[in-house]
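K.L.:
What follows is the residue order along each chain.
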Amino acid sequence: MSLLRQCLRRAYTSAAAGPGAARSSPLDTVRTTLLNNKNASASAPTGTSSGDRGSPRQTPPSSPSFYTTRAVFYDQVAQLERAISTANHALRRAQLLPLPAFARESLPSMQTVWKSKEEMTADFQTKMTLSRYRKVTKLLNELNEYYRIAETAGVADISQKIYSIVSLFESAKKDAYLARGKRKPVVLDAYGRSYTVGKRKTSSARVWMIPVQQPAPPAEDSKAKAAPIPMTTILVNNIPLNEFFPLPADRERITRPLKVAGLIGKYNVFAITRGGGTTGQSGALAHGISKGIVAHEPDLEVLFRKAKLTRRDPRMVERKKTGFAKARKRYTWVKR
Amino acid sequence: MSLPTLRPWLVAAKASSSSSRTASTRLACAARHQSTSASTARLESQADWEEFRAQKSRVRTLIDTFSEYGSTQTDESAFHLRDQLHKPARNATISALLAAGAHFGHASTRMNPNFMPYAYGTRAGITVIDLDSTLPLLRRAANVTRAVARAGGQILFIGTRPDLKHVVQKAAERLGPQGYYVGDRWLPGTLTNKREFFRGQNIEKVKVNPDLAIILNPTNNVNAIREFALENVPTIAIIDSNVDPRLVMYPVPANDENPRAAELIAGVLSIAGREGVALGQTDKIQQAVREERKSRQRLSWRSS
Chain A
1 MSLLRQCLRR AYTSAAAGPG AARSSPLDTV RTTLLNNKNA SASAPTGTSS GDRGSPRQTP
61 PSSPSFYTTR AVFYDQVAQL ERAISTANHA LRRAQLLPLP AFARESLPSM QTVWKSKEEM
121 TADFQTKMTL SRYRKVTKLL NELNEYYRIA ETAGVADISQ KIYSIVSLFE SAKKDAYLAR
181 GKRKPVVLDA YGRSYTVGKR KTSSARVWMI PVQQPAPPAE DSKAKAAPIP MTTILVNNIP
241 LNEFFPLPAD RERITRPLKV AGLIGKYNVF AITRGGGTTG QSGALAHGIS KGIVAHEPDL
301 EVLFRKAKLT RRDPRMVERK KTGFAKARKR YTWVKR
Chain C
1 MSLPTLRPWL VAAKASSSSS RTASTRLACA ARHQSTSAST ARLESQADWE EFRAQKSRVR
61 TLIDTFSEYG STQTDESAFH LRDQLHKPAR NATISALLAA GAHFGHASTR MNPNFMPYAY
121 GTRAGITVID LDSTLPLLRR AANVTRAVAR AGGQILFIGT RPDLKHVVQK AAERLGPQGY
181 YVGDRWLPGT LTNKREFFRG QNIEKVKVNP DLAIILNPTN NVNAIREFAL ENVPTIAIID
241 SNVDPRLVMY PVPANDENPR AAELIAGVLS IAGREGVALG QTDKIQQAVR EERKSRQRLS
301 WRSS
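From first to last, the protein sequence lines stand for chains A and C. With the UniProt record's numbering applied, the first sequence corresponds to residues 1 to 336, in that order. With the UniProt record's numbering applied, the second sequence corresponds to residues 1 to 304, in that order.
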């Protein structure tokens, strides 16, 4: 192809690319450039090399922040700032910014976990010192705030675009971090059984609970026989409850969660208890049964928490100390 | 939770002045200053959010409709301080330089004797810079920038203060692929120790030295200026009254502390650079046309 046609084509595309890029969503272009910066090296030399400066084989650096010697980092930061500015304008057009205090309070919390410094070092191709990391996370938090507003208000196009940028910097262990300190939810298996563990003192109880299958009531019977009282089985170490726990106090302790929930005839319980003595094992069993009931009926969680049934009793046997006969018992005081 | 107020400054003043105030009087006062807007309750459902946005857009539409019947000054025609960064002027004028405060120098006791030709005088212990000398020097610097950009040179903007970072970023953006910027600290040795700093890249293949350097705060970047001198890079800088103008090749005597003055000067230079880039492209096209014509002539001679 002739040189003239080449030059005209280049001039035409450079002129067309200017306004064209502005018409497509700026947040999309930000996202693609962020991804490109991550993958490409810092100064991939551009194609055009004119022989009128330096030696002909030298090409100019491609990144505008080349002379900072950390081009990838500064370019990424500039892109994030551009994304924040674009998101701000978009939310203003959608009448979501500035947000008054009462609307801001209605926003649900959307806490997120950013990548660690080491993970970001790979993304930015530069050693992430604490100050650089803080600068980046400050920008990301601002972007996350805009995402929160857009998501809550239901403007899907803006929130999706912001999320596509924010998700590039979210840690893979985000769910694990956010669920830290919270109880893992108990899932029922294929047969509808729950498996929970209860502990008290040094005893542990593994508890399986399955709802009792209700027999179908006879429809034709006009005498309307009273519904049969549902019978449940509670087996502990393959032994029925009344044989394993002869003391009524222990039995009361075990059936208390079912009584509080009003579900005495609803579940069959199978448990394996180990360690400790009768009190410990009965307490552990009660704890396991409470957790199992909450697994089957999540609405009862608040009630059980108020009744302190789901709380693992932290009281353990206190150790004996020197100078004492037992943990607290002092030796007889002698006057002389 | 306190009720939103119409005149919060009055409520604050009242609260601070009268300390002995019963709960009932305080409530009455708050009720008097209660907002007249529709609902300030929490937004629960999606419908609430839609209604909130609709209400805001209704108010906006009302304002926009009635704006047409008021003053002829619109958002486009009004003066905004941000325009100096985003829409700078092509030519600087003495009045614009004066408005930006570019004529304020540093303390007269600190004036560099070599700055004398560019100083107008002293007032209130401050050296006043002569803008009649600033303007032609700025124009000269703009011509240099335009010529370097036209020849396809790399132009580097340096502004290492937090308020100058966005100025140099925007200026470099205007020059397209020929514009570069340093908004944070210039690392000493970037040019003189380039093999170390650009270790991951092929130094032989990349042209590291810029063709022109424009520095907005030279007093903080003496390392950079020294490196440019060693590597034979022409420099333009904003020279204040406590600085020796011979530090750089093309000094522009002006106030280096004021971000507004820096925006003005960087704007003028970057627009000149942008013009140079466009001129360079048309030059290339014309050269290509000429070469095409020559090659056609050569072909016709050979065939005849």
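Treat the hints with care, as some may be off.
Below, computed lysine-lysine pairings styled on DSS-like, alpha-carbon distance capped at 25 Å [claimed, not checked]: (1) A:Lys135 - C:Lys170; (2) A:Lys127 - C:Lys194; (3) C:Lys205 - A:Lys138; (4) A:Lys38 - C:Lys194; (5) A:Lys38 - C:Lys87; (6) A:Lys135 - C:Lys165; (7) A:Lys306 - A:Lys321; (8) C:Lys205 - A:Lys38; (9) A:Lys138 - C:Lys170; (10) C:Lys87 - A:Lys127; (11) A:Lys38 - C:Lys56; (12) C:Lys207 - A:Lys38.
Reference listing, derived: stretches of chain A covered by chain C, where coverage requires no fewer than 3 residues with Cβ under 8 Å from a Cβ of chain C [unchecked claim]: (13) 102-114; (14) 300-308.
Simulated from the structure, these hints should not be mistaken for laboratory data. Cβ atoms here follow ideal geometry from the backbone N, Cα and C, with glycine treated the same way.
K.L.:
Is Lys207 (chain C) within 25 Å of Lys38 (chain A), Cα to Cα?
P.N.:
holds, 23 Å
K.L.:
CA of Lys138 (chain A) to CA of Lys170 (chain C), is that 25 Å or under?
P.N.:
holds, 22 Å
K.L.:
Checking one constraint from the list: CA of Lys38 (chain A) to CA of Lys87 (chain C), max 25 Å. Satisfied?
P.N.:
With Cα atoms ~32 Å apart, Lys38 (chain A) and Lys87 (chain C) exceed 25 Å; violated.
K.L.:
Does the structure keep Lys205 (chain C) and Lys138 (chain A) at a Cα separation of 25 Å or less?
P.N.:
Not OK: Lys205 (chain C) and Lys138 (chain A) at ~37 Å, beyond 25 Å, violated.
K.L.:
Quick one, are Lys127 (chain A) and Lys194 (chain C) close enough, alpha carbons at most 25 Å?
P.N.:
Judged against 25 Å, a Cα distance of about 19 Å means the pair holds.
K.L.:
Hinted pair, alpha-carbon criterion (25 Å max): Lys135 (chain A), Lys165 (chain C). Please report holds or violated.
P.N.:
holds, 15 Å
K.L.:
Given the hinted pair Lys38 (chain A) and Lys194 (chain C), is their Cα-Cα distance within 25 Å?
P.N.:
Distance ~23 Å between Lys38 (chain A) and Lys194 (chain C) Cα, so the pair holds.
K.L.:
In terms of beta carbon proximity below 8 Å, does the segment 102-114 of chain A have 3 or more residues touching chain C?
P.N.:
Holds: 4 residues of the segment 102-114 of chain A have a Cβ under 8 Å from chain C.
K.L.:
Going straight from one Cα to the other, do Lys306 (chain A) and Lys321 (chain A) come out at no more than 25 Å?
P.N.:
violated, 36 Å
K.L.:
Is Lys87 (chain C) within 25 Å of Lys127 (chain A), Cα to Cα?
P.N.:
violated, 36 Å
K.L.:
Holds or violated: are the alpha carbons of Lys135 (chain A) and Lys170 (chain C) at most 25 Å from each other?
P.N.:
Given pair Lys135 (chain A), Lys170 (chain C) holds - Cα atoms ~20 Å apart, limit 25 Å.
K.L.:
Are at least 3 residues of the segment 300-308 of chain A within less than 8 Å of chain C when you compare beta carbons?
P.N.:
As far as the segment 300-308 of chain A goes, the hint is violated, because 0 residues have Cβ atoms under 8 Å from chain C.
Checked against the numbered hints given earlier, this structure breaks hints 3, 5, 7, 10, 11, 14; the rest are met.
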